[in-house]
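Undergrad: Listed below, chain by chain, are the residues.
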Amino acid sequence: MNEGNSLYQDAIKQFAQAAHGHGQLAAAAGEAKLDNPLCGDRVGVQVAVASDHITAIAHETRGCLLCRAAASVMGLRAVGQDEAGIEAITAGLEGMLKNEAPVPAAWPELSMFEPARAYPSRHRCVLLPFRALLAALLESRRSRHGDI
Amino acid sequence: MSASLRDEFPLLAAAPQLHYLDSAATAQIHRLALDAVVRHETTRRANVSRGTYRLAEAADLAYEQARQTAARFLNANSADEIIFTSGATASLNLVAHAFGNTLKAGDRVLISVAEHHSNFVPWQMLRARKGIELGLIPVTASGQLDLARLPELIDRKCRLIAVTHCSNVTGARTDVAALVAAARKVGAKVLLDGAQAVQHGPQDVRALGIDFYAFSGHKCFGPGGVGVLWGKGELLAAMPPFLTGGGMIGEVTPQASTWAAPPQRFEAGTPPIAQAVGLAAALEWMVGQSWPQIHAREGRLCELLIEGLLRIPGLRLLGPEASAARAPIVSFEVAGQHPHDICQVLDAHNLALRGGHHCAQPLMAALGAEVCTRASIALYNDEADIQALLDGLGFALRELA
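Quick note, the sequences are listed as chains V and H, same order.
The first sequence begins at 1205 in the working numbering and counts up one residue at a time.
The second sequence begins at 2 in the working numbering and counts up one residue at a time.
Bound conformation, chain V alone (with noise of 0.2 angstroms):
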């Protein structure tokens, strides 16, 4: 029997338990909620932006230490983004988890995912914060620019 799994580490259970960004913001140019239909996780992330630029983010995470931790992640490393930022984290994220791609450089704390390659089932607890900021995002963006 396996005693161990090193999919929970400290580091993801200290992430999780921080909750960085974890709130709402008073004002916000986009927000996006995101369930996992899988479990019901739901993650709702809010933006405020300036020069195309993340100022402030804020989100209401309910799901797993691997969903909270990621969110907590996105908390404390978003500000100072644009969109095309947060995409290329995204994809590097999703790379590393799908494609044995390396750690996206820009935010090392990801690395702590990596175990989570080998459960797929996984990955869209990972993503679901990523792909709320990215929800959020597009809505500033509509909202300040009317594009779609």
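For the record, the hints were derived by calculation from the structure and aren't laboratory data.
Even glycine gets a Cβ: it sits at the ideal position worked out from N, Cα and C.
Have a look at the derived ranges for each label pair, beta carbon to beta carbon:
(1) H:R55 to V:E1304: 45 to 55 angstroms
(2) H:Q125 to V:K1237: 13 to 23 angstroms
(3) V:L1242 to H:R40: 29 to 39 angstroms
(4) V:D1286 to H:T271: 51 to 61 angstroms
(5) H:G132 to V:A1310: 51 to 61 angstroms
Use these hints to put chain H onto chain V, whose structure you have.
TA: Relative to the frame of chain V, chain H by itself:
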């Protein structure tokens, strides 16, 4: 359960270290069912109700014999009352469309808060299509249908009561007799979603006094991709088809079509032939088992599990504490721990359980839980599985703290 019975299930026989406690999602396939599928596909594979060559005749015979076996499993009046579908979800959607099309705006269908989404969403869709009223039987704090509320929910507008035979989350059994008695007073029909009940023995639809019964093959030791809808003959005869296409018509002209009689009216296209043959082998095997003994053993395991779970600090059991009031399905939540994380760690201990909302979000909300961990016990489980789960849970909660 004895090792010899476990050995009748090929996957379990090949994985002696596995503690499989997710039979409510998919039960393991019995060797006889698997053998029947292979035998059919290698000796009788042909389409049914279409060919006159000997191979096609053999396929026809096997398929219709499977229908007779399913009728015996349910104690139906006739094999013509058995419709093969792709599973319980398809069976329930079939009723929601075909019987649903006989309803008119203002008619009421009564379901319960405890339904699996497959017996919830089709009726919401019918409400949107036809303007029916959709009533909801609430549940008690222990997740059982609160039938004391029936008098205020049932009146002459009620045409159908469609509820679970037992919950896929709490295992809570439905008091079918009370439900049928209330339905008969107003002339309503009764549909039971038997997806979780069939794994625990053959059913008697005539004794139950109901009108429709739906179940899936993969939950009663048969193959995936096949299910059954049983309906009373006179009801099926009065229903229009759901899906249309080959095999379900009387005559097609450029102007219009007529329909075959049931059950073919409801089996458009090529049915799941080998799967039905495999399912019949599983059902035949089930009919030959000693169910009072199996129920006693499943009940003991359920009690053992509940006793052990209730000793874990911070654990809340969902559903009835009395094992007699539930099928051996036990769901629980642990304060501060997510079921996906718990199940992930349990998997490292060779324990297969499901965590999540179990496709029953209205029930979860009514029970004050968002998600939960579920252990479901079948006839091949034993005390070692239960002890492994209790030990594994202790480890998981330490690991995740």
